[in-house]
Amino acid sequence: MNLRVISNSTVLFRSAFIFFIFILLFISSIIYKHSLSVNDSEARVIHSYRVRIELEQLLSCMIDAETGQRGYIITRDTVFLQPYNGAGRKIRRSFNTLRSLAYDNQQQQLDLVVLYRLVIRRFESFADVLKLSNDQQVLTSLRKKEMLNGKYLMDKIRLQIHTMIDQELLSLQQKEKEHQEEISFTPLFTLLLMFFSLLVFIFLYYRINKNVAKLRILNNHLLIAKKEQQHNNAIVEGKNRELERSNIELASFNHMASHDLQEPLRKIQTFISRIQMKEIPGISETDRDYFSKIQSSANRMQKLIDDLLLFSRANKAEKVFELTDLNLVFENAKQELAQTIEEKNAVIQSAHLPTIPVISFQFQQLFINLLSNSLKYCKPSVAPSIQLTCEIVIAGNFPVIKADIEKKYYQLSITDNGSGFEPQYAENLFTLFYRLHHKDEYSGTGIGLSICKKIVENHDGFIEAIGEINKGATFNVYIPVL
Amino acid sequence: MQHDPLHILLADDDEDDRLFFKDAFEEIKIKTVVHTVNDGLQLMNYLNMENALLPHVLFLDLNMPFKNGLECLYEIRNTEKLKDISIVIYSTSASEEDIEETFVKGANVYIKKPNDFLTLKKMLAHIITINWQYDTCGLNKENFLLSIQSQ
Amino acid sequence: MKLNIKYNINSLCKKILREQLDKMGLKYDLTTFGEVEIRQHFSVEEYKQLNTALSEYGIEIVESQKSVLVQKIKDVIIEMIYLEEKLPASKISHYLTEKLNHSYGYLANLFSEVTYTSIENFIILQKIELVKELIISEKLTLTEISIKLNYSSVAHLSNQFKKTTGLTPSMFQRIIEKRNRPAQ
Chain A
1 MNLRVISNST
11 VLFRSAFIFF
21 IFILLFISSI
31 IYKHSLSVND
41 SEARVIHSYR
51 VRIELEQLLS
61 CMIDAETGQR
71 GYIITRDTVF
81 LQPYNGAGRK
91 IRRSFNTLRS
101 LAYDNQQQQL
111 DLVVLYRLVI
121 RRFESFADVL
131 KLSNDQQVLT
141 SLRKKEMLNG
151 KYLMDKIRLQ
161 IHTMIDQELL
171 SLQQKEKEHQ
181 EEISFTPLFT
191 LLLMFFSLLV
201 FIFLYYRINK
211 NVAKLRILNN
221 HLLIAKKEQQ
231 HNNAIVEGKN
241 RELERSNIEL
251 ASFNHMASHD
261 LQEPLRKIQT
271 FISRIQMKEI
281 PGISETDRDY
291 FSKIQSSANR
301 MQKLIDDLLL
311 FSRANKAEKV
321 FELTDLNLVF
331 ENAKQELAQT
341 IEEKNAVIQS
351 AHLPTIPVIS
361 FQFQQLFINL
371 LSNSLKYCKP
381 SVAPSIQLTC
391 EIVIAGNFPV
401 IKADIEKKYY
411 QLSITDNGSG
421 FEPQYAENLF
431 TLFYRLHHKD
441 EYSGTGIGLS
451 ICKKIVENHD
461 GFIEAIGEIN
471 KGATFNVYIP
481 VL
Chain B
1 MQHDPLHILL
11 ADDDEDDRLF
21 FKDAFEEIKI
31 KTVVHTVNDG
41 LQLMNYLNME
51 NALLPHVLFL
61 DLNMPFKNGL
71 ECLYEIRNTE
81 KLKDISIVIY
91 STSASEEDIE
101 ETFVKGANVY
111 IKKPNDFLTL
121 KKMLAHIITI
131 NWQYDTCGLN
141 KENFLLSIQS
151 Q
Chain C
1 MKLNIKYNIN
11 SLCKKILREQ
21 LDKMGLKYDL
31 TTFGEVEIRQ
41 HFSVEEYKQL
51 NTALSEYGIE
61 IVESQKSVLV
71 QKIKDVIIEM
81 IYLEEKLPAS
91 KISHYLTEKL
101 NHSYGYLANL
111 FSEVTYTSIE
121 NFIILQKIEL
131 VKELIISEKL
141 TLTEISIKLN
151 YSSVAHLSNQ
161 FKKTTGLTPS
171 MFQRIIEKRN
181 RPAQ
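Residue numbers (my numbering), protein chains in the order written: chain A, 1 to 482; chain B, 1 to 151; chain C, 1 to 184.
Chain A on its own, in the form it takes in the complex (with noise of 0.2 Å):
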């Protein structure tokens, strides 16, 4: 539940992170165009201003023309047309500026055509003049009806120059008006965007604040579990190396006890067999009987003997496991047991079974344990027919198997048409010296079944026997996959 909160956090608080960045970026473009106007303004503020200038020097230009011209008219002095004579190159590089300038502004333009027009009539008509008062013989009302005419012509110009000078003032301030109004806007709205942030990142910062402290104490409780289970795993650690320690000293008790009690029993027998062979006359038939049944005995006890030893090694410590053909190992289980597959005229099939890592000296021992059995435990009259098959399976459909539901085992199934068993007695056959029939009818000691299950165990394994009397026997050898 904490983790769920904690979780929730972590969203609410990467979808801040990320409408932060939205946030700033807006506003760095909000700046960025708000700068941008502002330059833009600047520059039409320039602009205008050349504008004028340039206007108000051509203005004055031609006035300065006027003026030199009148005074040559006045003096007779050529010095007077100096500004004149000037005057068509500076007025010509004022209309190329202009002209530039309105590049962008049709009304302007056609201005300036006007403009263009009337200056040049006003040259016309300076050099209309200057020609009069060249000539001695005109008549001075002429001279000033064409200086009236310039007059007249310099009223017009000034008027239009003053009239596109206004134009451009009127037209700059529209678009001051403009930028205004586009502008005010930016700043207090940055300014909430930004207040409204900081509010978002200080709720967000308390809220980070509170789940921290709940994460370290959750971190608190986990340490100070860490440190039982710590405990607790010394405690079984120790358990275990006392199984472990007793399980060395049972495992050597049993091969010693089955190895050195071997010794001295096969000295009785063997001593006992030589006086059975000999001749003595003094023996009576009861005395030889008893010898019989002495040796009887002793021979059982020999091959409980060998069994117990036989069970004893197969444990599982020292032993390799290496990648084993399991079906050499069911071959050579074949041969081992071929002069009783002879007699018996018995039929053994096999599947193809797996390479897999086992004890292979131990995994030999199951094969012909069971398979013995199954030839052991045949109909009287019936040929034993034996199959052996292998298959994956999913230990969840299989209750013997104690593991997790979704683990893969082989399984591999011997099945026979032997006399079978009774199903009550299915667990029992894996219980060491458990035996099913009296010890006359079938020869044995019943731990072959046992060592099977030890050896299955100690391949992790499981082992089942399913049977009805009758109707033949099936063992199902469970192996993990690994």
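Derived from the structure by calculation, the hints contain no laboratory data.
On a predicted model such as this, the values are computed, not experimentally measured, just so you know.
A few of these clues could be false.
Heads up, simulated EDC-like pairs for lysine to aspartate or glutamate below, C-alpha to C-alpha not over 16 Å straight-line [said to hold, decoys possible]:
(1) A/Lys-175 with A/Asp-287
(2) A/Lys-319 with B/Glu-71
(3) C/Lys-178 with B/Glu-101
(4) C/Lys-178 with B/Glu-26
(5) B/Lys-29 with C/Glu-113
Using the hints provided, position chains B and C relative to the given structure of chain A.
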């Protein structure tokens, strides 16, 4: 058919087993001369003597003091002049793996000591006969492997 | 590098005999298998000398008539087993009688008297030896071997092998392989 008696040597620390062994050979029809030693050290000392009369067949117990059977086996198989002796491991029961190991280490025969005197005699006669066949019929002694366990 | 060798015992022996007899400067005839006719006076010393020389090769000059016959029986059997592809399964007695001109009963008795073992056992022993050779050198499968040597089934072969040697063919093969593996 033998010209000379076969030399048999037994290395076993158990007095009774040595007794059974010698008695058994006395009752076998084949002509043999049987010697015994009591442990691995005695055995190697005897075999390594300058003019030792080497046995045709050596019977070796595995569990002996001072030097056990496997050690002796290894030494013998790695000594030039002793390489060709037929070696029979004569022991109480061992696991399949242990038996295989003795063969791999160079033993020719493995017998589990029987618990019946008659069986012992038959076993020994059988081994001597087979061994002699290998010697006289040009069979490859390296393939001479024989395991006698069940009673 | 490992080489697989097959030997023809017959020609081997003949060559060695020739060598030794030539070395001693004797005039001789190699007649039937296992027989040499010395065509000159042959002293006891020379006899001993020849015997000693030959014994280094595991060749013995065989003495009594009985031994001779028994040796012949062995040789015939070995020849039969090694040289003939498909063995005549139950006609062994006839085969021997034919080749050696004595009744089977006589041969059998003589054989066990001298060798302490029966002809049947000897044959089985030789067959199993061949099986061993085939397993090791030619790497034939058991099925192929059982067919080649006229066994009624693989199980029969395994059975006889186990009875004779106490080991299953697989175990035998494994032991030889382990022996030949370089020291670990």
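Hints, one by one, checked against the model:
1. A/Lys-175 with A/Asp-287: Violated, at roughly 144 Å.
2. A/Lys-319 with B/Glu-71: violated (22 Å)
3. C/Lys-178 with B/Glu-101: Given that 16 Å is the threshold and the Cα spacing comes to 9 Å, the pair holds.
4. C/Lys-178 with B/Glu-26: violated (37 Å)
5. B/Lys-29 with C/Glu-113: holds (11 Å)
Consistency note: the structure conflicts with the earlier hints numbered 1, 2, 4.
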